[in-house]
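Asks: In order, the protein sequences belong to chains A and B.
Mind the numbering: the first sequence is residues 0 to 179 in numbering that gives the first Met the number 0, read in order.
Mind the numbering: the second sequence is residues 0 to 179 in numbering that gives the first Met the number 0, read in order.
Hints are computed from structural coordinates only; laboratory data are not their basis.
Heads up, the beta-carbon is just placed ideally off N, CA and C, and yes, glycines get one too.
Just so you know, nobody snuck in bad clues.
Here are the simulated lysine-lysine pairs, DSSO-like style, with alpha carbons at most 30 Å apart:
#1 K157/A to K169/B
#2 K169/A to K135/A
#3 K157/B to K135/B
#4 K169/A to K157/A
#5 K135/B to K169/A
#6 K157/A to K135/A
#7 K169/B to K135/A
#8 K169/B to K135/B
#9 K169/A to K157/B
#10 K169/A to K169/B
Chain B is faced by these chain A residues, among others (derived, beta-carbon under 10 Å):
#11 G9
#12 G18
#13 R21
#14 Y72
#15 E77
#16 I103
#17 A107
#18 V112
#19 P129
#20 T168
#21 A170
#22 S172
2 protein chains.
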Amino acid sequence: MNNPIDSNAGPRLYRIPDGDDRERLTCPDCGYVAYENPRIVVGVVARASDERILLCRRAIPPRIGYWTLPAGYMELNETAEHGAMREAWEEARAQLELTGLLAIYSLARIHQVQLIYRAILTQDEVSAGPESQEVKLFHYDELPWDELAFPTVDWALKHDHQAHLSGYTKAFSNPTEDEA
Amino acid sequence: MNNPIDSNAGPRLYRIPDGDDRERLTCPDCGYVAYENPRIVVGVVARASDERILLCRRAIPPRIGYWTLPAGYMELNETAEHGAMREAWEEARAQLELTGLLAIYSLARIHQVQLIYRAILTQDEVSAGPESQEVKLFHYDELPWDELAFPTVDWALKHDHQAHLSGYTKAFSNPTEDEA
Chain A
0 MNNPIDSNAG PRLYRIPDGD DRERLTCPDC GYVAYENPRI VVGVVARASD ERILLCRRAI
60 PPRIGYWTLP AGYMELNETA EHGAMREAWE EARAQLELTG LLAIYSLARI HQVQLIYRAI
120 LTQDEVSAGP ESQEVKLFHY DELPWDELAF PTVDWALKHD HQAHLSGYTK AFSNPTEDEA
Chain B
0 MNNPIDSNAG PRLYRIPDGD DRERLTCPDC GYVAYENPRI VVGVVARASD ERILLCRRAI
60 PPRIGYWTLP AGYMELNETA EHGAMREAWE EARAQLELTG LLAIYSLARI HQVQLIYRAI
120 LTQDEVSAGP ESQEVKLFHY DELPWDELAF PTVDWALKHD HQAHLSGYTK AFSNPTEDEA
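All chains, please: the whole structure from these sequences, using the hints.
Replies: In structure tokens, the structure reads:
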């Protein structure tokens with residue numbers, strides 16, 4: 000790999016540190032190694048008391064106007080569960096109780112791991128937060144399949160449906176046809 | 000927060016970017032935002048055909064000489080599952096088959112999320128990799144509880160035992176007394 004940063008200071012050189020087995024971004028002056036790791040997205044498939052599922056229409060890029068689950072990057076100083084609940088509040092003003100982990104999806108190409116929880120809304124009133132144009136509760140057979148923002152939204156909705164029908168409680172991962 | 004990096008270039012100033020709600024490390028010259036997120040550790044509780052559990056005695060800091068599960072930072076360009084299997088190979092030359100997710104542990108204070116899988120060894124021969132002094136298979140009632148490297152090793156061994164006895168397949172999270 001080549002020097003990725005046009006700068007004369009800080010981590011700017013890819014080399015294999017002593018005792019390591021792959022190239023890392025390092026500082027040639029002080030030896031600091033800037034490890035790059037996948038980022039965590041936390042999200043929820045939340046159902047209302049009548050089993051309808053909460054989706055948000057995106058007000059921000061990418062995929063403005065398309066439907067997504069409440070989800071976003073996990074922050075420092077929170078648990079994965081708290082992050083998922085925070086995103087549901089920020090994007091849909093949703094208050095909910097998590098009922099278990101639905102899935103871990105590894106999106107290797109975009110350096111992302113998604114932790115998606117199942118949840119039930121503790122109150123049915125929801126409303127758009129600043130990153131949503133609109134929020135809406137859908138029955139499973141009325142979901143806007145052609146207007147979903149990302150493939151993982153499709154995966155999570157189908158996995159949640161499968162878990163909902165069967166009582167299956169094991170965490171799902173990438174569908175086998177999509178090995179990240 | 001104060002300027003964390005003693006440099007005149009690159010991300011070096013904490014401020015709240017437009018449209019955000021918290022301080023981020025930014026470059027005052029070009030506006031680049033260096034988001035900081037929790038890092039993912041992937042690991043396994045692996046059992047041999049006689050149900051013994053694989054542990055590694057650490058050859059590297061921290062906690063040299065203490066026992067741990069095969070685990071380490073997830074790399075870019077791999078799935079969580081592949082990362083867990085890679086760590087088992089690197090630290091214990093173990094070949095295994097994952098049987099499901101055991102737990103997600105959120106260690107908010109150290110900015111870490113651990114994804115721990117259950118596994119069975121596909122061959123019982125294991126040996127120490129470069130980061131291990133020794134590897135060994137233990138029956139559950141012979142585990143070295145007083146010489147475990149980290150609290151999460153204790154959690155994972157107990158959760159795996161509970162899952163093993165009960166057939167419970169739902170992913171565990173932090174024990175309630177340890178809310179990260």
